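Colleague: Each chain is listed here by its residues.
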Amino acid sequence: MAVMADGAAVPEETRPETKAPPREREGRDPAPAKRQISLRVRLRRDKSLLIMIVPTMLVLLVFNYLPMFGTISAFEFYDPIYGFFHSNWVGLQNFNQLFGDSAFWHAFQNTLVLSLVQLILYFPIPIALAILLNTVLSTKLRSFIQAVVYLPHFFSWVLVITIFNQMLGGAGLLNQFLRQHHMATWDIMTNGSTFKYLITFQAVWKEAGWGIIVFLAALAAIDPALYESAAVDGAGRWRRMWHITLPGMRGMIILMLVLRLGNALNVGFEQMLIQRQAVGPQHAEVLDTFAYYYGISGNNFGYGAAAGLFKGVISLILIFAANKAAHRLGEDGLYRK
Amino acid sequence: MSSTTAFTRRGFLTTSAAVGGAIAASPLLAACGNSAGKGGASTKQGIQAVLPTFKPLANGATPDFPSVSGAGGALTNPGFLKYPTTLPKTVTGKVGSGGTYTGVAPSWNPIPPANNAYYDAVNKALGATFKPQPGNGNTYSTIIPPLIAANKLPDWLQVPGWMVSTFNIGGLVGTKLADLTPYLGGDAVLEYPNLAAIPTGGWQCGVWNNRLYGIPCHTDGMSTAGALFYRKDVLDAKGITPSVKTAADFKALGQELNDPKGGVWAFEDSRVYLYQVFGVPLGGWYLENGKVKSANDHPQLLECLDYCAQLAKAGLVHPDSLAGVSASNPSRFNAGKTLIEGGGLGAWNDGDAKSGIAAKPGYLRQAFPLFSHDGSTPTIGLTGASGWVSYLNKDLSPDQIKECLRIANYFAAPFGSYEYNLINFGVEGVHYTMSPDGPVRTADGSNTAADQIYNFFGSSQQQIYNAGYPDITKATAEWYADTVKYASPVLFRNLNITVPDQYSKVAAGTELDDAATAVARGKQPMSHFQEAVATWKSAGGDALTAWYQTNVVDKGLS
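These protein sequence lines are chains B and Y, in that order. Residue 65 in our numbering is what sits at position 65 of the first sequence, and the numbering runs on without skipping anything. Residue 202 in our numbering is what sits at position 202 of the second sequence, and the numbering runs on without skipping anything.
To be clear, the hints were calculated from the coordinates, so they are not data collected in a lab. As the structure is a computational prediction, the values presented were derived from the model and not from experiment. Among these hints, one or two may not hold up.
Claimed, not checked - Calculated lysine to aspartate or glutamate pairs in the EDC-like style (CA-CA distance at most 20 angstroms, straight line):
(1) Y:K313 - B:D187
(2) Y:K82 - Y:E478
(3) Y:K537 - B:D101
Stated by the list, open to error - Now the stretches of chain B that chain Y is said to cover, found in silico as 3 or more residues with beta-carbon under 8 angstroms:
(4) 101–108
(5) 182–194
(6) 279–290
(7) 299–306
Said to hold, decoys possible - Selected chain B positions facing chain Y (Cβ under 8 angstroms, derived; list incomplete):
(8) F77
(9) D79
(10) G83
(11) N88
(12) G170
(13) Q176
(14) R179
(15) Y293
(16) Y294
We treat Cβ as the ideally placed atom computed from N, Cα and C, and that holds for glycine.
Next up, chain Y with everything else stripped away, as it sits in the complex (with noise of 0.2 angstroms):
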């Protein structure tokens, strides 16, 4: 059985990759098998029946900026100028009974030490014994697979987004992925108050067939394809303030920034990040009068790919983006060689800002507020709400369970608690110190804690706060409150799909990827893509239109 889910998020690996999957069929595709092969979903009332419930908590920091709920059920992050100088507990009684798990989650640090100081720190605020065990994350795609398939899984195991086909968790739901309905479904949750605090959107990507198996981590309440962004710093020297609202300005303020004899191109290719202001329906598949379509069918991704064309064409893109070469360091935008780029909204923090300033001191990121290319009121698709989801082992015993989600619960504490801060920075004089702008890890600290580890088990909704650079958390919280009221989930949003073997190489659509990026940066015509549609609808995709119809969206899930 192929399994994707209908989102991507593939965080800050490969983030123009993951967009650039939004409008292809769909990326997260494997060639898989086994007796059944043939695919599913789950159905919206199976889902709503055993979808936790929600319960803001009480009891955690209190935000500079707090949650704004607007269109399609999204609820902006939190934002927190400062670390919070008191820190509020939020979980009271005993979490663990003595009991010893394992987890696995990827990390992109060195790999701790396996007994240390940080871990045992966390195990005595337990009352039990988790040991990580932190894969590297480059690999983490080819270690899992021989766990699963020796029949070896830990006890507790984190799966990225993004691998979710190469795991086929689809296929692990319920034979080897213990089922937490009973546990959390519906009224349950509210045993784990950190837990119940989790979006719903969140818990729907734990869901396989009407059951619910994860444990959401890192859940944004509004996570969206990204925006675009300029360099505020360079058009304040300029004097120039943008006021974009249509497609036309925007290209408008290109020519006036473009200076290639100065080396410097207004724009960095960003096709992707166009589809929003052109009405292009990301997730890859769209709804017209209750039938399922292909985003590739859409009349306005047209339109925006000749309207990319026009940029390139009239040399207002780097012609390096042009060439797709993505890498460098400082990249073209930090270096101020391009002014305006599209890019997730997770390139918009602290750790940008401290390149961009070593890059050019004064670097300042902007994102335009959101518009559409006719003026009219402008959509921003919302997509998959976690990226990151943990599974418990179904050879745990309902004890054993119960244990692991108090142990989750205690991971899920809000940003700024006693427990966040001792799971992410350790004990305090020995991992980390105390600034003025936030505890700052010590050479042990960076060791042992610089992985978040406990965070990929389970943890809060995701918050904004930029170590020493309020201003950006300012902007970025600003820029999600006027956002979210034109937010629009992108269809079959938070729903893992398994879709049948034969359809694989049909949903990758890797053919139709490249022939919009050729006819985006003027290589070729139009044409070029409607045929590579043409032939691609004809090779199954609209076979696989018609499965998606039959099994997704005729039984309500759309």
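Bound conformation, chain B alone (with noise of 0.2 angstroms):
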């Protein structure tokens, strides 16, 4: 049921603001009406709201837009004490070198073959959860999961890799089990192999129970009457999740991958950063670690500039190309279009 353009012909001082028509999920404005409101008039309306979000602009302004000046060391040989505007231009010099180092293209596969697998591994857990959750009936039992399960995600990562390493290292609560029992160790911690497995489950164990709670709010607003008269018609159990739960929550889940696509350059650098010695450059080393080694750690901040710019490059891409999808699929993605 389309909705036809929200009011926009009533003039908007009018219209209460609390009875606005309801914007269906599916009710794309099939033409969105070209508003014919002055931009004086839409600021006095929206004042409060202006001002509410300043700070947060502001916040944004000087930690996430000024500080994308500093790219430009990844076009010069920077030296802090000469600043942006002194050190030595070297144009594409840096990238040049970047492209052909072997290191790089590896953290830049590893990051991909990480995002992957944490992607088609750990993505789906969350949901999993919130959906076992809200079966539970109990509010006591309910809340006692939820501050079990959120507990981790306040942990750092040094604590949690700490805590794989203790029960699960070399050393650990288990291998020192296994070798007084005369049995052979288990290499968890240090096994390149499987390095990409142990990194989605500690993420798993760290961050899942965190990442239920949009999924929850997503459930709960779904509303009761649906599941009574599907049940009411016979649906048993598995038919409401199909055919009830799940379309409830896809607007969600699609907008939670779109975001996962941004970020999926990110794939946890103080996770690798600690871990990276463990299992050795081959499979810790991605683009944010490599930034670090071969950029603020070799003193070489120019060099490091043209790592992270790349990889913010490819992650506007990524996020460009996943909101377009979603928007294909009818959802409305980052924003509505």
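Both chains are sitting in their own frames, so use the hints and assemble them into the complex.
Modeller: Structural data, given as structure tokens:
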């Protein structure tokens, strides 16, 4: 049911804000009506909202936009003493070196592989957890489970990895038990070939609980009457999940997927940094650690900035592509078209 | 211009990283840029012409273990079992002439109030106003560049060796930092007897482009990459007296000690400390028939990496050490989870004894006598003599510079002198009380004098002294006296070299260090490292080597 232009013809001031016609998800405006209201009127109407976003805009400006200026160092032999303006300008030399650097491509490849593995193995878990948790009826039990699964999110990676190492490391609880009982030890923490699964497991352990929040919110928005009428019509548990629960979460799932793809090249800097020594850069070097080790640690800031800029550009392309795909699927994605 | 010194001495901050850098071409490179950017170094004759004359001090305290000179110009640090009871004066006559100077140096302690009784006491003795401005040691590398950029350098600046490139000292000498050659070069230094007693190697760390700019601090007459240590208390309890003469002996000892089921492993991952056992050149470079070569190309390196991999694969190295888990408190060695580790000599002191004894009473660390992999005569690489050099501002007048040098002379008073006691401990009864083990800081002294900040502007040759642990001093002094015979300076030792910008990534050699680590831990075959070296060479390593040949070696600096 397409909702017509949401009262655009009606003078905005007279429109009761609280009773705006509901926008249905599938209700993309067929032709977003050209807004007739002048900027002045809109400013006046949205004054309080605009004031409310000022602090956030300032934070974004100071911490996200201003630092972008530093990207210029990717084209320099950047020297902190001479600053951005007086460092030697080298044009594309850093990029030339970067694209000819096998270590860089290796890091890029690792990043993509780790990202893909995490997408497949990690992404569905918070959704499943949310659905499971939603079926728990006792509020007390539900809050308890929620608290337990949220908690690891607040641990730092250093702590999480230390716990993993104490439990599963070469001298950890598990392996000392095996050793003392004359069994072969199990190399978990330093095995390069299974490292991608290890870090996904760590990410699930730490973050999956936190990740369910948005999905729980999406579930809460589903009208219980739908379930009731479906049950009356004889739909079983699985049919209800398939035809009501999942479609109800679809918008949120797609939005999270788009965000995840935009973030695909961020596969966890700290997690990699801490465990890079354990499995070696062959398995744990990703774009972020590459920029750190070859740029910052080596006092070669321009080179690191070039690697970072490359990553930024790819991420931007990914997020636009994912957003476009979401629109094709008839979803909102990041913004409504 | 990228500046680097050929030595690495990150001191107490990141010891393993420092020695890790010993084989990597040079970790101290900045991607810097100014109009020059071409790099360069001093020449041998140029350095000789400006170095101050060395003249040991006659009127200091008498050490229990006097300095021993050995091969390659090495001179061990004097050892003191007890803090001297009589404190001789080493500075006579007027020091300051009423000038006021600010000095900036790093500090890893809470910053004392700007005006305090301790500073006042020192100023009174100096006859000048010296205002120490401690900067947070952990962020020092970011505190100084803005001062340089804004042309607001203090009168006196301390530059730790591992920040030389970050501050681009190569570009600052002569333009912002004063040339001290006329005041200190040759016999001119004799006017400042305590400065003249600083070993020559230290002064060389202050030479740039054939001129003397820096005043060396904490000069170590025999600085080395480190040693291999064992838990003497544990071995004694097992009735084992180690007699390690070869790499095979070392491994055999490890096999005897290893007890994974009991949670005790023989070794920490000690690759970089095994380099000297296998004769791998430290400092990144070596000379063969007059040609400079990268240490990554040295045949012994492959043998050493292979040996390390054998230790790892035999299960003799603690799994956490192989996993790169370095932080634990107490350390695995202190806690007795590993019994043998490589480390800097700085780890063998009273502080280590305190934390070790806290973990287990009776804790005792001992270094293995030097040995070589095949039982032949061992060598130990002599690294940079001073990791801390102070510089004076170019804006000071000649008279002011002379006054500052007289103050530096006061700061460089040797251990056990009246002046040393004052600048390091303050006033008796106020900042410290005298115990049988030497001065003990009061609460006031701990708040203001614990920095020992004056020694960052001038200090005598280091000494071996462990308050309350004379046995450690004795063991250390004896180890040094034995080892000094085998000392051999690393190539480009004490030499400030400025490498051109385009080599900064190659010179950092991150990928080589990674590859060597992976092979030594048994995670990758030897070919992995060989391939990394081949890639490194073609990506600029060969060009960098050629640059060193033309600009450093061919100029007679090897």
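Colleague: For which of the previously enumerated hints does the structure constitute a violation, in increasing order of number?
Modeller: Hint check: nothing fails, all pass.
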